[in-house]
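Put chain B on the given structure of chain A with help from the hints.
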Amino acid sequence: MDQALQHLVNGTVLGGTYALLGIGLTLIFGVMRVVNFTHGELYAFGAYMAYGLVSLLGLNFYLSLLLAALLGAALGAVIERVLLRPLRGADIDSVMLAMIGAALVLQNASMWAWGGVAKLVPSPFDGMPLVFGPVSVLPLRLFVLGVAVALLLAFWFLLDRTRAGIAMRATFQDPETAALMGVRVAWVGTATFAIGSGLAAAAGALLGPVFMVSPTMGDLVGLKAFAIVILGGLGNLPGAVIGGFALGYVEEFGGGFLSTEYRDAFGFLLIILVLAIRPQGLVAAKERVG
Amino acid sequence: MLRLEDVTVAYGRVTALKGVSLELREGELVSLIGANGAGKSTALKTVSGLLRPLSGRITWDGEPISGLLPREILQRGIAHCPEGRRVFPHLSVRENLAMGALLRTDSAGIASDLEAMYARFPRLKERAAQAAGTLSGGEQQMLAIARALMSRPRLVMFDEPSLGLAPNIVEQVFSIVQEVRREGLTVLMVEQNALAALSLCDRAYLMETGRVVRAGTGTELLESSDVREAYLGGRAFAA
Chain A
1 MDQALQHLVN
11 GTVLGGTYAL
21 LGIGLTLIFG
31 VMRVVNFTHG
41 ELYAFGAYMA
51 YGLVSLLGLN
61 FYLSLLLAAL
71 LGAALGAVIE
81 RVLLRPLRGA
91 DIDSVMLAMI
101 GAALVLQNAS
111 MWAWGGVAKL
121 VPSPFDGMPL
131 VFGPVSVLPL
141 RLFVLGVAVA
151 LLLAFWFLLD
161 RTRAGIAMRA
171 TFQDPETAAL
181 MGVRVAWVGT
191 ATFAIGSGLA
201 AAAGALLGPV
211 FMVSPTMGDL
221 VGLKAFAIVI
231 LGGLGNLPGA
241 VIGGFALGYV
251 EEFGGGFLST
261 EYRDAFGFLL
271 IILVLAIRPQ
281 GLVAAKERVG
Chain B
1 MLRLEDVTVA
11 YGRVTALKGV
21 SLELREGELV
31 SLIGANGAGK
41 STALKTVSGL
51 LRPLSGRITW
61 DGEPISGLLP
71 REILQRGIAH
81 CPEGRRVFPH
91 LSVRENLAMG
101 ALLRTDSAGI
111 ASDLEAMYAR
121 FPRLKERAAQ
131 AAGTLSGGEQ
141 QMLAIARALM
151 SRPRLVMFDE
161 PSLGLAPNIV
171 EQVFSIVQEV
181 RREGLTVLMV
191 EQNALAALSL
201 CDRAYLMETG
211 RVVRAGTGTE
221 LLESSDVREA
231 YLGGRAFAA
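Taken in order, these protein sequences are the chains called A and B. UniProt numbering applies: residue 1 is where the first sequence begins, and numbers increase by one. UniProt numbering applies: residue 1 is where the second sequence begins, and numbers increase by one.
Just chain A, same shape as in the assembly:
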């Protein structure tokens, strides 16, 4: 029982960052109908930026995380302007190929820039776990969860409560009519891709001090992001949050009670199950954003 509680706590921490990863990807799909294969690489990019800013430039840890997320958003904006905008109206295969190409370029660029040796982002948190009865948790992990939840709430507020968020959802539902209302549709594309990328980079930067940072980490993370999005239903934002936590729990409990080696496989087993039983996703009644 105590062990289960511990896994629940760990799964929640993991789920928070998975949710960040998932909403970024599902937002981009929902608004732009783009299957973003660079998502895992943007996660890796965020982690490396955090490493570079903290370790090499010696910047403040919190400031570095913020900057890493913003740099991720900026890189996303560049990818959208350079690759996606010229491909607007192109068939989905061409867009997918371009995104796969971009992912390869990004991954090899980080290999070239940072070398193949794994890095760890140093954090100001000490290694003594906080103990709450039967459960213990590292302060760093609590911080990661707190920031992830704060980002999720901020993102929900932006999309649900602000004019920009309403315009974004309107554009997803009917771009031509949104243009008639005065929306700069092309800008919405750039902003959406930048926000989605920034969330991926934020997740990477947050987990940089928790897990090791290596050039190929984006591969598995990208796959997991797709798993989360499929669990929640493509384009479904609350679904991505639920999918994120579901994946966190499945990995944590599966890894804890069944087999540590197959930890990463449990998530994918879950997807196979969901696709077989409920192909529209865990939550999705219909496709929508917001």
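Calculated from the structure, these hints are not laboratory results. Ideal Cβ placement from N, Cα and C applies to all residues, glycine included. There may be inaccurate statements among the hints.
Quick list of simulated restraints, FRET-style, between CB atoms [stated by the list, open to error]: (1) Gly109/B x Ile100/A: 46 to 52 Å; (2) Leu258/A x Gly133/B: 39 to 45 Å; (3) Ala276/A x Glu183/B: 55 to 61 Å; (4) Met96/A x Ser55/B: 35 to 41 Å.
Footprint (simulated), chain A over chain B, 3 or more residues, beta carbon under 8 Å [to be verified]: (5) 64–74; (6) 97–110.
Okay, now just chain B, sitting in the frame of chain A:
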């Protein structure tokens, strides 16, 4: 106020407008009638900036506006209420109305206009928090009209506002169109229901295959024998 001179528009290789000229004066209600595919909707889309003319001139208060973006057209006071209502189905009624006022920055004015819309369309107030996609067709048309008015336009263009609606709702829609015009707005209306459109309007243009083939007052067109034969039919008058 609005003038189209020899405007030609093509979708790919299909020419949809072939040298269309028409004019609207301040405060007028002008109808554009004609069969399906005559180019009526294309004309509206070209004015609102969704389509770019290949050639010809569009001027607004004497200033050329062809080739501007839809938002720039809207900023100049031209609102377009599109065919098929096109409300944002997953946005609430209130959010749809907020989209209409997207370019405005006077939050007090927006709030009072919102109340005015709710007073005019009480059904929309009742359903303010509901997703627009759950409204009936008539309610969606009212929402689309209210949304267009939320931008405080000087000219509002209605594209087939009666399409697919029950007869009693159609009547309501036309009375709103007249009301809007009485309040001082200029109205350009595309309608397939030629009888209604001609009886409401000051002037009308009849379009056929991308060209304006007749122009005149509503009464003139109603009484012209070719319009009656082609678009009104014996039955419309018998009814």
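To see whether the hints hold, each was checked on the structure:
1. Checked against the hint of 46 to 52 Å, the C-beta distance between Gly109/B and Ile100/A comes to roughly 49 Å, which is consistent with it.
2. For Leu258/A and Gly133/B, the hinted distance range of 39 to 45 Å is satisfied, since their beta carbons lie about 44 Å from each other.
3. Checking the proposed 55 to 61 Å range against Ala276/A and Glu183/B shows it holds: the Cβ atoms sit about 59 Å from each other.
4. At about 39 Å, the beta-carbon gap between Met96/A and Ser55/B stays in the expected band of 35 to 41 Å.
5. Coverage of the region 64–74 of chain B by chain A holds [criterion: at least 3 residues with CB-CB distance below 8 Å; count 4].
6. Interface restraint, the region 97–110 of chain B with chain A: holds (5 residues with C-beta to C-beta distance below 8 Å; minimum three).
Violated hints for the displayed structure: none, as all numbered hints are satisfied.
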